[in-house]
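Those protein sequences? They're chains A and B, same order as listed.
When you line the first sequence up against our numbering, it's residues 215 to 504, in that order.
When you line the second sequence up against our numbering, it's residues 0 to 233, in that order.
No lab work stands behind these hints, which were simulated from the structure alone.
Here the structure is a predicted model, which means the values were calculated and not measured.
Heads up, the beta-carbon is just placed ideally off N, CA and C, and yes, glycines get one too.
It is possible that part of the hints are untrue.
The calculated label-pair distances, taken between Cβ atoms and stated as ranges, are [to be verified]:
id	chain 1	residue 1	chain 2	residue 2	range
1	A	Lys425	B	Ser216	29 to 35 Å
2	B	Thr81	A	Pro423	40 to 46 Å
3	B	Gly21	A	Lys376	43 to 49 Å
4	B	His89	A	Ile426	49 to 55 Å
Next come the chains, spelled out residue by residue.
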Amino acid sequence: MLRKSLMQLILFACFLIFLSANALAANNPATILRLATTTSTENSGLLDYLLPDFEKQNDYKVHVIAVGTGKALRMGKDGDVDVLLVHAPKAEAEFVAAGYGTDRTAIMHNDFVIVGPSADPAGLSKASSLADAMQRISKTQSRFVSRGDNSGTYKKESSLWKLANVKPQGKWYIEAGQGMGKVLLMASELDAYTLTDRGTWLAYRDKSPLKILWQHDPLLFNPYSAIAVNPERYKDTNYKGAMAFIHWLVLPSTQHKIAAFRLYQQPLFIPDAVQDNSAPASVVTSEKHS
Amino acid sequence: MTDSSLLSSLLDALQLLLLGDGKLWSIILVSFKVSSLAMLVAALPAVICGFLLAYMRFPGRRLLISLFNTLLAVPAVVVGLTFYILLSRHGPLGDWKLLFTQTAMVLGQIALCFPIMVAMSHAAFQAIDLRAWETARTIGAGTVQAFMMIVSEARYAILGAFVAGFGRIIAEVGASMMLGGNILHYTRNIPTAIALETSKGELSQGIALGIVLVTLSFLLVSVLHYFQGRGQIQ
Chain A
215 MLRKSLMQLI LFACFLIFLS ANALAANNPA TILRLATTTS TENSGLLDYL LPDFEKQNDY
275 KVHVIAVGTG KALRMGKDGD VDVLLVHAPK AEAEFVAAGY GTDRTAIMHN DFVIVGPSAD
335 PAGLSKASSL ADAMQRISKT QSRFVSRGDN SGTYKKESSL WKLANVKPQG KWYIEAGQGM
395 GKVLLMASEL DAYTLTDRGT WLAYRDKSPL KILWQHDPLL FNPYSAIAVN PERYKDTNYK
455 GAMAFIHWLV LPSTQHKIAA FRLYQQPLFI PDAVQDNSAP ASVVTSEKHS
Chain B
0 MTDSSLLSSL LDALQLLLLG DGKLWSIILV SFKVSSLAML VAALPAVICG FLLAYMRFPG
60 RRLLISLFNT LLAVPAVVVG LTFYILLSRH GPLGDWKLLF TQTAMVLGQI ALCFPIMVAM
120 SHAAFQAIDL RAWETARTIG AGTVQAFMMI VSEARYAILG AFVAGFGRII AEVGASMMLG
180 GNILHYTRNI PTAIALETSK GELSQGIALG IVLVTLSFLL VSVLHYFQGR GQIQ
């Protein structure tokens with residue numbers, strides 16, 4: 215009896231191995247493109263909306279790994295992904311200058327907004343400037359939820375505190391170490407202020423009692439770029455796929471599709487490469503890989 | 000905030016499950032596939048390890064037992080981080096290109112379920128009289144045959160070790176998130192999806208997946224009870 219059930223167990227095991235082997239065999243590295251991107255592009259739903267088209271038109275399967283910009287850049291540096299879609303201009307420039315990436319291309323932008331409780335205890339509505347607004351938050355010790363994770367949004371936030379000449383610390387300053395969506399939910403639960411990109415905010419607006427208290431500030435401009443991981447550093451990086459993806463992103467048809475991606479009649483991202491309808495790409499940096 | 004109440008989340012969740020939401024089922028499938036494979040690879044070696052620790056005398060045996068018991072307490076994120084560093088292209092095993100694949104998740108989960116299965120099967124073998132082994136050997140059973148006899152004696156406790164090992168990896172989020180990267184249709188499993196959906200505020204998706212996990216645990220425990228129950232009758 216034992217022998218019979220053992221046989222059954224072995225048969226079942228073989229079946230499972232067969233299943234799993236199938237799954238692993240489907241993982242053909244030639245057609246996989248690994249995209250490290252920020253939580254904002256995924257949480258807002260943009261990638262779910264765009265990528266099926268790319269996968270249909272080109273023979274690639276895109277594996278999206280959504281992390282903060284800092285982590286995404288690190289993955290690119292380590293050669294763990296093929297292409298990046300990130301938003302931290304200064305860090306991106308350093309990344310390319312250090313030779314970790316090539317073909318940095320402006321794709322789109324949106325802007326950051328400061329959201330907070332509608333009662334506005336810090337009085338942001340009375341602030342005279344963005345720096346004043348940040349100072350009001352720290353002066354009134356109003357709770358502020360920070361990403362605290364080296365993301366593009368966090369880098370922007372840090373630069374704003376610096377601008378306001380404030381060292382954010384104390385009980386009111388909450389470093390969450392979470393993605394944008396989670397931070398918005400935390401801020402909603404805690405009646406706190408936070409800095410968010412408009413795209414994620416629009417996607418979460420329905421779930422949050424917070425409202426926008428500071429916006430349309432030139433200092434809150436938020437540009438997104440695509441960068442290919444330098445194939446000279448890692449030979450088997452899917453550079454071809456990365457370039458196909460970048461070129462596809464700046465195609466007029468894709469750019470129009472980005473512009474058409476709306477929530478509550480508001481565009482989440484504004485395409486940046488749409489103006490020139492002829493050129494394939496408006497490359498920010500000139501050092502193209504040959 | 001339409002989906003904030005637990006009840007409406009629960010109803011939405013049931014609807015998602017019953018209507019066969021493709022995304023949801025692909026996530027469930029990934030969980031099963033990865034964890035089953037990890038179990039398949041780890042189960043037999045773990046039982047053999049437990050057996051050797053219980054029946055063989057060799058230097059460092061007690062230290063090894065302590066080591067496996069200590070490994071039970073290692074957080075999944077630490078296992079994840081260790082494998083991340085190893086498998087990253089920058090790391091020593093970078094040439095294998097395994098980071099952010101199901102294989103990487105399987106490796107992490109093997110590392111997680113192996114110690115618990117060793118420790119528990121070791122305890123199971125300890126409960127069997129050493130004379131059973133000696134008797135089997137004296138009446139002419141080969142090593143493998145005698146081993147199979149002891150295993151069959153301890154099978155209910157070993158089954159319990161398997162369930163505990165499976166329980167640890169099917170519900171584990173840290174290592175899967177780090178090693179798999181939470182890629183939809185590929186490395187997004189039930190726990191990482193729950194983490195993501197919660198962060199997106201999609202509570203009903205999270206609850207639906209939670210229901211699947213709980214149902215799965217219930218089925219596992221029921222199967223164990225079934226086998227154990229039969230063992231008592233005989």
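Looking back at the numbered hints, which does the structure fail to meet, lowest number first? 1, 4
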